[in-house]
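Chains A and B supply the protein sequences, listed in that same order.
Read in the working numbering, the first sequence has 256 at position 177, and its numbers run on one by one without any break.
Read in the working numbering, the second sequence has 408 at position 329, and its numbers run on one by one without any break.
Any given hint could turn out to be false.
The list treats identical chains as one, so a pair stands whether inside a single copy or across any two.
[Unchecked claim] With a straight-line cut-off of 20 angstroms between C-alpha atoms, the simulated SDA-like cross-links for lysine to any residue are:
#1 265 x 461
#2 234 x 455
#3 234 x 217
#4 546 x 307
#5 107 x 580
#6 292 x 464
#7 218 x 233
#8 507 x 108
#9 178 x 488
#10 219 x 236
#11 140 x 130
#12 178 x 269
#13 219 x 237
#14 149 x 139
#15 187 x 97
#16 564 x 451
#17 507 x 342
#18 547 x 575
#19 292 x 258
#20 219 x 233
#21 486 x 547
#22 564 x 464
#23 94 x 566
#24 149 x 169
#25 546 x 464
#26 234 x 289
#27 564 x 585
#28 142 x 352
#29 546 x 496
Don't read these hints as lab results, they were simulated from the structure.
One letter stands for each residue in the lines below.
Number of protein chains: 2
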Amino acid sequence: MPRFDGTAEYNALKKHQAKPNFSRRAVKTPHLYYDYSRQLIDDTTVALLLRLAEASGLRAKIKAMFSGEKINVTEGRAAWHVALRDPDNQPEVKEVLAKIKKFSAQNKFNNIVAIGIGGSYLGPEYLAEACAPYALPGKKLLFVANVDGTDFARKTAGLDPKDTLVIIISKTFTTAETMKNAETAKVWLQRAPGSGPAVVREQMIAVSTAEDKVKAFGIDPANMFPFWDWVGGRYSATSAVGAVPLALYLGYDNFEQILKGASWLDDHFLRAPFAGNLPVLSALLDIWNINFMGYKTRALLPYFQSLGKLPAHTQQVEMESNGKLVDIEGQPVSFDTGEVVFGEPGTNGQHSFYQLIHQGTQIIPCDFIGFIKPQYPLGESSPASVTHHEELMTNFFAQPDALAFGKKDDYLPKNFPGNRPSSSLLLKELTPFTAGLLLAWTEHRAAAKGFIWGINSFDQFGVELGKKLGVEQRNRILEYHKTGKINTEGLNRSTATLLQAFLKGELPT
Amino acid sequence: MPRFDGTAEYNALKKHQAKPNFSRRAVKTPHLYYDYSRQLIDDTTVALLLRLAEASGLRAKIKAMFSGEKINVTEGRAAWHVALRDPDNQPEVKEVLAKIKKFSAQNKFNNIVAIGIGGSYLGPEYLAEACAPYALPGKKLLFVANVDGTDFARKTAGLDPKDTLVIIISKTFTTAETMKNAETAKVWLQRAPGSGPAVVREQMIAVSTAEDKVKAFGIDPANMFPFWDWVGGRYSATSAVGAVPLALYLGYDNFEQILKGASWLDDHFLRAPFAGNLPVLSALLDIWNINFMGYKTRALLPYFQSLGKLPAHTQQVEMESNGKLVDIEGQPVSFDTGEVVFGEPGTNGQHSFYQLIHQGTQIIPCDFIGFIKPQYPLGESSPASVTHHEELMTNFFAQPDALAFGKKDDYLPKNFPGNRPSSSLLLKELTPFTAGLLLAWTEHRAAAKGFIWGINSFDQFGVELGKKLGVEQRNRILEYHKTGKINTEGLNRSTATLLQAFLKGELPT
Chain A
80 MPRFDGTAEY NALKKHQAKP NFSRRAVKTP HLYYDYSRQL IDDTTVALLL RLAEASGLRA
140 KIKAMFSGEK INVTEGRAAW HVALRDPDNQ PEVKEVLAKI KKFSAQNKFN NIVAIGIGGS
200 YLGPEYLAEA CAPYALPGKK LLFVANVDGT DFARKTAGLD PKDTLVIIIS KTFTTAETMK
260 NAETAKVWLQ RAPGSGPAVV REQMIAVSTA EDKVKAFGID PANMFPFWDW VGGRYSATSA
320 VGAVPLALYL GYDNFEQILK GASWLDDHFL RAPFAGNLPV LSALLDIWNI NFMGYKTRAL
380 LPYFQSLGKL PAHTQQVEME SNGKLVDIEG QPVSFDTGEV VFGEPGTNGQ HSFYQLIHQG
440 TQIIPCDFIG FIKPQYPLGE SSPASVTHHE ELMTNFFAQP DALAFGKKDD YLPKNFPGNR
500 PSSSLLLKEL TPFTAGLLLA WTEHRAAAKG FIWGINSFDQ FGVELGKKLG VEQRNRILEY
560 HKTGKINTEG LNRSTATLLQ AFLKGELPT
Chain B
80 MPRFDGTAEY NALKKHQAKP NFSRRAVKTP HLYYDYSRQL IDDTTVALLL RLAEASGLRA
140 KIKAMFSGEK INVTEGRAAW HVALRDPDNQ PEVKEVLAKI KKFSAQNKFN NIVAIGIGGS
200 YLGPEYLAEA CAPYALPGKK LLFVANVDGT DFARKTAGLD PKDTLVIIIS KTFTTAETMK
260 NAETAKVWLQ RAPGSGPAVV REQMIAVSTA EDKVKAFGID PANMFPFWDW VGGRYSATSA
320 VGAVPLALYL GYDNFEQILK GASWLDDHFL RAPFAGNLPV LSALLDIWNI NFMGYKTRAL
380 LPYFQSLGKL PAHTQQVEME SNGKLVDIEG QPVSFDTGEV VFGEPGTNGQ HSFYQLIHQG
440 TQIIPCDFIG FIKPQYPLGE SSPASVTHHE ELMTNFFAQP DALAFGKKDD YLPKNFPGNR
500 PSSSLLLKEL TPFTAGLLLA WTEHRAAAKG FIWGINSFDQ FGVELGKKLG VEQRNRILEY
560 HKTGKINTEG LNRSTATLLQ AFLKGELPT
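Chain A on its own, in the form it takes in the complex (with noise of 0.2 angstroms):
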């Protein structure tokens, strides 16, 4: 396989001068509308993109994906995330599954307390939001992440103990926040009053595959939901990661609904002729933007404040699988790969970072994503008043136009230069039938564009190195807290003065 800048249609693109008239394009099916009339592109642009995907021999590589080959090489793995939305096929998830189901239907505790980080956390929280409208009667599910205290006092405040049920999603039950955030879990329902020598056995639960850790913890392996070496903590959101905690949050029924949709999206990213493929538009629509066009941050803007939790979650998929300096083959790369994803639901960014976005000297590619149906129908419908839906709705269809065609002002501060590009996806209405297709879509998108700059959108090596010297760092409070002394040898004197600051309680003066 050539590499991406070295195949014929990356240098054609490079040469390629589009001349974008934002004559109409979209994408339609059934359950969505794709609209990127607004991309700063033209017919040439589009055939020269296709042609990219298929020099880049992406439809092998989807294909590759979706039959679970070791496509992570650096890792020897597959990235099969997929399989947890076939389960018909997937004999070991639809054993998963069917525990689950039954374990949800028997739970009594009102209170589910998620502690996970990174991808056992921003997947199913942006789930748990999208889908709030259908939670259970009387089910609370709250995110435990950050191993700063605050985030688990905070969400346990006010918490009755004997009502919660606690689930730590790790997948080696070693992660250094999740862990921290487990023992102190434990003592909380230890401490709580009337309670028993049984409280983890009956009130603590795990996503994990390391089922010696999880035992030593002091959990019931009955109650250990496994996953498998095949699904990537960022592509985990489908597995028991987001099924346990969703299935009791919003019942088994509504969390099969989101396999359903995601599974939906998994078929046409398989199936669909390119042209007519969301996850491969957007991607190839992305690759221009990122390395023709020089735009290398791009925002996601859901009109649909139920979407609040979708851009950190896709700025985790997108910058984690594609922020990467090497291909597939261990080789520099020369090109821009993975973009800066960031964004707040509208109309709210409208009042914040707009501005910018408008007349600010840098090109930031939006995506718009707005609904048909509201899901919580507020505000009077009459000659004279629209509804709050039909209002936010009118920014959506406003600022891709503002943005693409501008002002003309001979007042400069009041000029809009316009050919500001954009794409616009509407949806009936979100369920989690709908919140497990984006959810798909943004996996997707993410792959493909790996695939076609041919790099490893699967591992994360980046991370490795922060962990090890934050090691190195408790250890040396750990000797602190031994012998009183503050040991900074090896350190420079910058973090040296930190740490010395940190440990007197001082301020360096």
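Fit chain B to the known structure of chain A by using the hints.
Coordinates of chain B only, in the frame set by chain A:
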């Protein structure tokens, strides 16, 4: 005053090749320690940047801001938010604060719902989260910003209307989102069982400058708390915009501490020599990264869960203030202005987007913020165990070194190139005082950049066009309510298709 890109210092910096040696560089004050050793700079860089600041007339511009001159020239207004922190010299400020103090002391309601968006929301929300441990017993403060009915519906779910005070925060009392939510809040109060005819006068108050509109809405003008045309939205957190909700939630004395912390930083900004001036130095380092290194996105990484809302507030202040294409004289700039700012509290971000920061193709300068003391001490400190806060801080010490120094590995997927810039701000503890200090840092850092670039950081014409087109869309929807006919005249095909789908309630086919 010469243009930013016309100064000798700008040209010298353009030619200058820094040879960073990461030797210790820090600003020391009694309240904070700012380490910028790991920026990609050397002594010459710092000297040139300081000369650039002088050449830009920064000193005079700061003084002009502090003396209330109309430095927001396009709108003919002052940007005098520092006066809000100096009530002893500002009788009108003092008077409003006295009114707020009295009002908050008499408040009997436990739930405070603050309705506002953008600057009437992000700053107060950041302060409320940061100061949550200081809240008055039993008080709950909720912010409703988004016009999506989900925001109001979910925030008020389970809230007793009888025990709720609603604050409407809008300078003009015409902000579309805020007035929509205000009307819905009014209905919510009026329809509460047992609610009397005086409910709006008794349970709704306003922060605004538009007395006639406040009165017409039904709010008692005695319960309107004004501010002034010299307070810009994103710089308004220390005006009545923040003072009213925060005094009700935290008690007036704690709000006063916020003012004192901001005032301390104001004084530091006004008086400290630039070489030891936190807002000026951090602004100059941003300028170095943006204009001379080409790093146009910055990550704000508070290692403190209670600062979870600081990135969103900073994003607003920076991107709305400095996302500008024209200079203060209305001439196009030919250099980059405002950067994109994003971030999540540590350690959460480490398990999300840090992969790209460590090993991505683009360089993201990082700001780390840490505290010596935790707000919620949890976990055991012993020879065998670190506390939650100690574990958190190991990462605060480790990450900047991992970024700056990297780690050579011949196996390239595990190679860390290093030379990735960051700064570390250490404070003693997060209190209302230091929360106010950080607020003022955010404000002055953005303003200092604007002063040096020679742009107007205090207007926001870039948000107008979207608003205007939104009103046009609203009129089309109202016309549809009246006539049952969809008018798409004058719309492009893409927008017409989206609007039709929305009004018909079906995705386009």
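Going down the list of hints, with the structure as the test:
Taking the closest pair of Cα atoms, residue 265 and residue 461 come within 20 angstroms of each other only across two copies (18 angstroms); inside a single copy the shortest separation is 55 angstroms, beyond that limit. Taking the closest pair of Cα atoms, residue 234 and residue 455 come within 20 angstroms of each other only across two copies (12 angstroms); inside a single copy the shortest separation is 25 angstroms, beyond that limit. When the C-alpha separation of residue 234 and residue 217 is checked against a cutoff of 20 angstroms, the pair qualifies both within a copy, at 17 angstroms, and between copies, at 16 angstroms. When the C-alpha separation of residue 546 and residue 307 is checked against a cutoff of 20 angstroms, the pair qualifies neither within a copy, at 23 angstroms, nor between copies, at 49 angstroms.
For the identical chains of this complex, residue 107 and residue 580 are inter-copy neighbours only, at 12 angstroms across copies versus 59 angstroms inside a copy, given an alpha-carbon limit of 20 angstroms. For the identical chains of this complex, residue 292 and residue 464 are inter-copy neighbours only, at 18 angstroms across copies versus 59 angstroms inside a copy, given an alpha-carbon limit of 20 angstroms. Proximity of residue 218 and residue 233 under a CA criterion of 20 angstroms is satisfied in both settings, with 18 angstroms inside one chain copy and 14 angstroms between copies. In this assembly of identical chains, residue 507 and residue 108 lie within 20 angstroms of each other by CA distance solely inside one copy; the values are 11 angstroms within and 55 angstroms between copies.
Taking the shortest alpha-carbon separations for residue 178 and residue 488, neither the intra-copy value of 64 angstroms nor the inter-copy value of 44 angstroms comes in at or below 20 angstroms. Proximity of residue 219 and residue 236 under a CA criterion of 20 angstroms is satisfied in both settings, with 13 angstroms inside one chain copy and 13 angstroms between copies. In the homo-oligomer, the alpha carbons of residue 140 and residue 130 lie at most 20 angstroms apart inside one protomer (15 angstroms), although the nearest pairing across protomers, at 54 angstroms, exceeds that limit. When the C-alpha separation of residue 178 and residue 269 is checked against a cutoff of 20 angstroms, the pair qualifies neither within a copy, at 27 angstroms, nor between copies, at 48 angstroms.
Taking the shortest Cα distances, residue 219 and residue 237 sit within 20 angstroms of each other both inside one copy (12 angstroms) and across copies (13 angstroms). Proximity of residue 149 to residue 139 under the C-alpha cut-off of 20 angstroms is restricted to the intra-copy arrangement: shortest distance 13 angstroms within a copy versus 63 angstroms between copies. In this assembly of identical chains, residue 187 and residue 97 lie within 20 angstroms of each other by CA distance neither inside one copy nor across copies; the values are 60 angstroms within and 63 angstroms between. In this homomeric assembly, residue 564 and residue 451 come within 20 angstroms of each other (Cα to Cα) only across copies, at 18 angstroms, whereas the closest approach inside a single copy is 63 angstroms.
With identical chains, the CA atoms of residue 507 and residue 342 are at most 20 angstroms apart within one copy only, with a shortest distance of 18 angstroms there and 50 angstroms across copies. Taking CA atoms no more than 20 angstroms apart as the test, residue 547 paired with residue 575 passes inside one copy only; the shortest distance there is 17 angstroms, against 55 angstroms between copies. In this homomeric assembly, residue 292 and residue 258 come within 20 angstroms of each other (Cα to Cα) only inside a single copy, at 11 angstroms, whereas the closest approach across copies is 55 angstroms. Taking CA atoms no more than 20 angstroms apart as the test, residue 219 paired with residue 233 passes in both settings, with 14 angstroms inside one copy and 13 angstroms between copies.
Taking CA atoms no more than 20 angstroms apart as the test, residue 486 paired with residue 547 passes between copies only; the shortest distance there is 11 angstroms, against 52 angstroms inside one copy. Taking the closest pair of Cα atoms, residue 564 and residue 464 come within 20 angstroms of each other only across two copies (16 angstroms); inside a single copy the shortest separation is 70 angstroms, beyond that limit. Neither within a single protomer nor between protomers do residue 94 and residue 566 lie at most 20 angstroms apart by alpha-carbon distance, with minima of 57 angstroms and 42 angstroms respectively. Taking CA atoms no more than 20 angstroms apart as the test, residue 149 paired with residue 169 passes inside one copy only; the shortest distance there is 17 angstroms, against 69 angstroms between copies.
For the identical chains of this complex, residue 546 and residue 464 are inter-copy neighbours only, at 17 angstroms across copies versus 55 angstroms inside a copy, given an alpha-carbon limit of 20 angstroms. With identical chains, the CA atoms of residue 234 and residue 289 are never at most 20 angstroms apart, being 27 angstroms at best within one copy and 39 angstroms at best between copies. Proximity of residue 564 and residue 585 under a CA criterion of 20 angstroms is satisfied intra-copy only: 16 angstroms inside one chain copy versus 70 angstroms between copies. Taking CA atoms no more than 20 angstroms apart as the test, residue 142 paired with residue 352 passes inside one copy only; the shortest distance there is 13 angstroms, against 62 angstroms between copies.
Taking the closest pair of Cα atoms, residue 546 and residue 496 come within 20 angstroms of each other only across two copies (16 angstroms); inside a single copy the shortest separation is 45 angstroms, beyond that limit.
Against the hints set out earlier in the document, violations occur for numbers 4, 9, 12, 15, 23 and 26.
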